[in-house]
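Using the sequences plus the hints, can you model the full thing?
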Amino acid sequence: MSELSLLEQDIAKLIVETLKLKVDPATIQPVAALFGDGLGLDSIDALELALAISQSYGYQLRSNDPEINAIFSSLRTLTKAIEKNRTK
Amino acid sequence: MSQAWQQQQERGSRASIRMMTWVAQSLGRPGARALLYPICAYFLLGSGAARRAIGRFREQALGRPASWRDLIRHYHAFASTILDRVYFLLGRFDLFEIQVHGLDVLDRELAKGRGCVLLGSHLGSFEMVRAVGLSRQHIEIRVLMDEQNAPLIRGLIQELNPAAAETVIQVGGADTMLQVKECLDRGGVVGIMGDRVMQEDQAVVCNFLGREARFPTGTMRLAHVVRAPVVLFFGLYRGGNRYEVYLESFSEGVRLSHEQRATDLKQWTQRYADRLEAFCHRAPDNWFNFYEFWND
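If you read the protein sequences in the order shown, they are chains U and R. Just so you know, our numbering puts 84 at position 84 of the first sequence, and the rest follows in order with no gaps. Each number in our numbering corresponds to the 1-based position in the second sequence with 1000 added.
These are computed hints drawn from the structure, not numbers from a lab. Where a beta carbon is used, it is the ideal one built from N, C-alpha and C, also for glycine. Please note that a few of the clues may not be correct.
[As the list claims (entries may be wrong)] Short, incomplete list of chain U residues facing chain R, as computed with Cβ under 7 Å:
(1) L47
(2) I68
(3) F72
[Said to hold, decoys possible] List time: in silico SDA-like cross-link candidates among lysine to any residue, alpha-carbon distance up to 25 Å:
(4) U:K22 with R:D1201
(5) U:K20 with R:Q1270
(6) U:K80 with R:E1182
(7) U:K20 with R:Q1267
(8) U:K20 with R:V1204
(9) U:K22 with R:G1173
(10) U:K13 with R:Q1260
(11) U:K13 with R:E1259
(12) U:K22 with R:V1225
(13) U:K20 with R:V1205
(14) U:K20 with R:K1266
(15) U:K13 with R:L1256
Structure representation (structure tokens):
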């Protein structure tokens, strides 16, 4: 799966480590759904992930962001949002 | 099946809810209550599955088979809380005698500034959470609700009290728990019901009233992530116009260790099941899970 960008690889690692998933980060499909059918994450996972993102990248995800569902939809959309909003 | 409640249709149509609201407002509570018996009879005879589930619960809790009289009383308690929900949503708390026990527990936890998770159940009326707001008006109170599976209740809240509808956090969205965390960070209270399994893979088997039943682990996982104190909440209907609210300390902070996460989850959830069981003994008529609760 060489189609992952560098930052996407980092975020995939962050997801797997934060949520203690039993998958190889390199096998996460960049456009597959993170929630429900894809990786099978739920809303509590999303919160845990948001806290980890805030800590690692200084980007605080907010529920009142109109794009919040789109941001969380896949590894790629999440990475794009982090790229745009990161402060560290 | 623990998800049986999701399949069980919400009985009664939107029209009947509208009518109930109209009756509640125009007849007043005594008049409206006179109509509860025929309504109970309708529901009691309408669904054998729900009736058997309640019969089984009562037998499990009280150790003797439920008579028709018991069942009628049980259904009547449920119907009363549904009717009273209309008055609560209209802000008519003055019609009721509400005793709140343990408000100091909540005050103590909130003073720490990390917000507080109010962990409740479908034993009694969760709407009573709003009664807490009566005596503590400065507190932001939000309630986590599965509105998709309770469209009628959602309709009722929206129609009668749009401000209360604003405080509902809908489950299932990617941002659901972000909203919970944000409320807690503002020092607010979030009410969550911990007795119905939403995701089959996020549940553990607990001992409950002498048999094994599945309970959701979501609240404990959430409490671990947000590091907020958890206070138990029970809003019991005591007949007539009497309600009793119990607030009881549960944990200053639920921690799940990395090494034994599954064991920890089970232990915390069992602690909740134990307290729920204790309150079930206190008010068996208040059990409003009208589906088979046990696994077998």
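Cross-check of the supplied hints:
At about 4 Å, the closest approach between the beta carbon of L47 (chain U) and any beta carbon in chain R falls short of 7 Å, and the interface hint on this residue holds. A least Cβ separation of about 5 Å between I68 (chain U) and chain R falls short of the 7 Å threshold, and the interface hint therefore holds. With a cut of 7 Å, the hint placing F72 (chain U) at the interface with chain R holds, because the nearest CB-to-CB distance is about 4 Å. Of the supplied pair hints, the one linking K22 (chain U) and D1201 (chain R) holds, its CA atoms being roughly 15 Å apart against a limit of 25 Å.
Of the pairs offered as hints, the one joining K20 (chain U) and Q1270 (chain R) holds, with about 24 Å between alpha carbons and a cut-off of 25 Å not exceeded. For the hint pairing K80 (chain U) with E1182 (chain R), the CA-to-CA distance comes to about 23 Å; that is within 25 Å, so the pair holds. This hinted pair checks out: K20 (chain U) and Q1267 (chain R) have alpha carbons roughly 20 Å apart, not beyond 25 Å. With a C-alpha separation of about 19 Å, the suggested pairing of K20 (chain U) with V1204 (chain R) holds against the 25 Å cut-off.
Annotation: proposed proximity of K22 (chain U) to G1173 (chain R) holds, straight-line Cα distance about 23 Å (limit 25 Å). Straight-line distance between C-alpha atoms of K13 (chain U) and Q1260 (chain R) comes to about 22 Å, which keeps the hinted pair within the 25 Å bound. For a cut-off of 25 Å, the pair hint linking K13 (chain U) to E1259 (chain R) stands: about 20 Å separates their Cα positions. The straight-line distance between the Cα atoms of K22 (chain U) and V1225 (chain R) is roughly 20 Å, inside the 25 Å bound, and the hint therefore holds.
Of the supplied pair hints, the one linking K20 (chain U) and V1205 (chain R) holds, its CA atoms being roughly 22 Å apart against a limit of 25 Å. Distance restraint check for K20 (chain U) and K1266 (chain R): the Cα-Cα separation of roughly 18 Å lies within the 25 Å cut-off, and the hinted pair is therefore satisfied. About 22 Å separates the Cα atoms of K13 (chain U) and L1256 (chain R), which keeps this hinted pair within 25 Å; it holds.
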